[in-house]
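Number of protein chains: 2
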Amino acid sequence: MAIQYPNGKSYPNGIQNNKIKKDKQSMTFGNRGMTLEEDINASNEAYNLRGVAVIHKKPTPVQIVQVDYPSRSAAVIKEAYFKQASTTDYNGIYRGYYIDFEAKETQSKTSFPLKNFHEHQINHLRNCVTHKGICFVIIRFTAFNQVFLLPASALFQFWDAQQNGGKKSISYQDIQKNALEISYGFSPRLPYLDAVDKLILQIEESSN
Amino acid sequence: MAIQYPNGKSYPNGIQNNKIKKDKQSMTFGNRGMTLEEDINASNEAYNLRGVAVIHKKPTPVQIVQVDYPSRSAAVIKEAYFKQASTTDYNGIYRGYYIDFEAKETQSKTSFPLKNFHEHQINHLRNCVTHKGICFVIIRFTAFNQVFLLPASALFQFWDAQQNGGKKSISYQDIQKNALEISYGFSPRLPYLDAVDKLILQIEESSN
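Those sequence lines, one after another, are chains Y and Z. 1 is the number of the first residue of the first sequence in my numbering; add one for each residue after it. 1001 is the number of the first residue of the second sequence in my numbering; add one for each residue after it.
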């Protein structure tokens, strides 16, 4: 279970409050994508416990440089660096379908910046779609506490338009038009598989 | 790309040779599951490049305790610990199917010890099978350089027998009887999806 701190948020990967330098950069890391990630992790746990789906967040990729073995018991990593993820953060299985997605928050009230993605993540999603995976992005507009599920197919259109000199972000209106809104619930906190059901229905209807 | 060392093996997660203490414990860690993991990673890359499948190894789970920010550039993890994985090492998508597996090597010439698995990994595989995932274990007998793909259904039988006071390992003969042998190739080095094709065929035939 994640340790809760006075502001109601826990630090990622169990980083301890008192060991993090309180400079601007560490706070940036501490807050990055936190709340949405917690909501999704809690929802995945609820889905898993009820036998609805098996979806997990992948561990944060870390480049390990130095490991000490002070005793027989435990290895201590003394030097390591955060690595850029080569895939997306979440994957798993639901209703026999391979599920793959990324989750992102934005402070913006007007648009979602496409720089939130790396090209290899987009390519990864494209490959998964080719193999008939159900792929999407969960986007949270923090200012409105609104969460949307944007199908990968729509994301690719905005991404490709940007590559061809188009807009560097997806406007809030375009998100509303192309995404499914996810309303917060009690358990699961963020019932995003309801929106996935609609994606699956569309796919099954278009293949008939 | 993994850095190659004189013995032809690279260290996991890019641990540098000269920074690892050369005591017995670090060697144990350095050699654990190395070659099989490299073979599978290279095979997954080959499969991915050819558009055959999208299967990746999950990052090693690490509990981060202390992070320093010496400059604007990069965060340095100064204290972290290896965590027990809550799922399996590999998952992805192939032919529209969710794929989930673990890979293990054994030095034994007579049997494969079941203590290589944790109960939550078995439970994870069971849940994935329930949701119609294709689940298995890749086992390498290092002494014979023989690699087998054991379907999860067979693994569960041996696991459950052990829980009821049965054998603590799967004999080499039982592996030969219940698993599909994977012969080494050029590229992919370990063409394990050939064996997965046979599993899929069995599943599709039994559902008709």
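Because the hints were derived from the structure by calculation, they are not lab data. Hints may contain errors.
Said to hold, decoys possible - Coverage of chain Y stretches by chain Z, computed from C-beta distances (three or more under 8 Å per stretch; other residues unrestricted): (1) 39-53; (2) 73-84; (3) 90-97; (4) 125-133; (5) 170-176.
All C-beta atoms, glycine included, are put in the ideal place defined by N, C-alpha and C.
Now the hints, each set against the structure:
Requiring three or more residues with a Cβ within less than 8 Å of a Cβ of chain Z, the coverage given for the region 39-53 of chain Y holds, as 3 such residues are present. For the region 73-84 of chain Y, the stated coverage by chain Z is satisfied: 10 residues place a CB nearer than 8 Å to a CB of that chain, which reaches the threshold of 3. With 7 residues bearing a CB less than 8 Å from a CB of chain Z, the region 90-97 of chain Y meets the requirement of three and the coverage assertion stands. For the region 125-133 of chain Y, the proposed coverage by chain Z is satisfied: 6 residues have a C-beta within less than 8 Å of a C-beta in that chain, meeting the threshold of three.
Here the region 170-176 of chain Y counts 0 residues with a CB under 8 Å from a CB of chain Z, which misses the bar of 3, and the coverage is violated.
In summary, the one numbered hint that this structure violates is 5.
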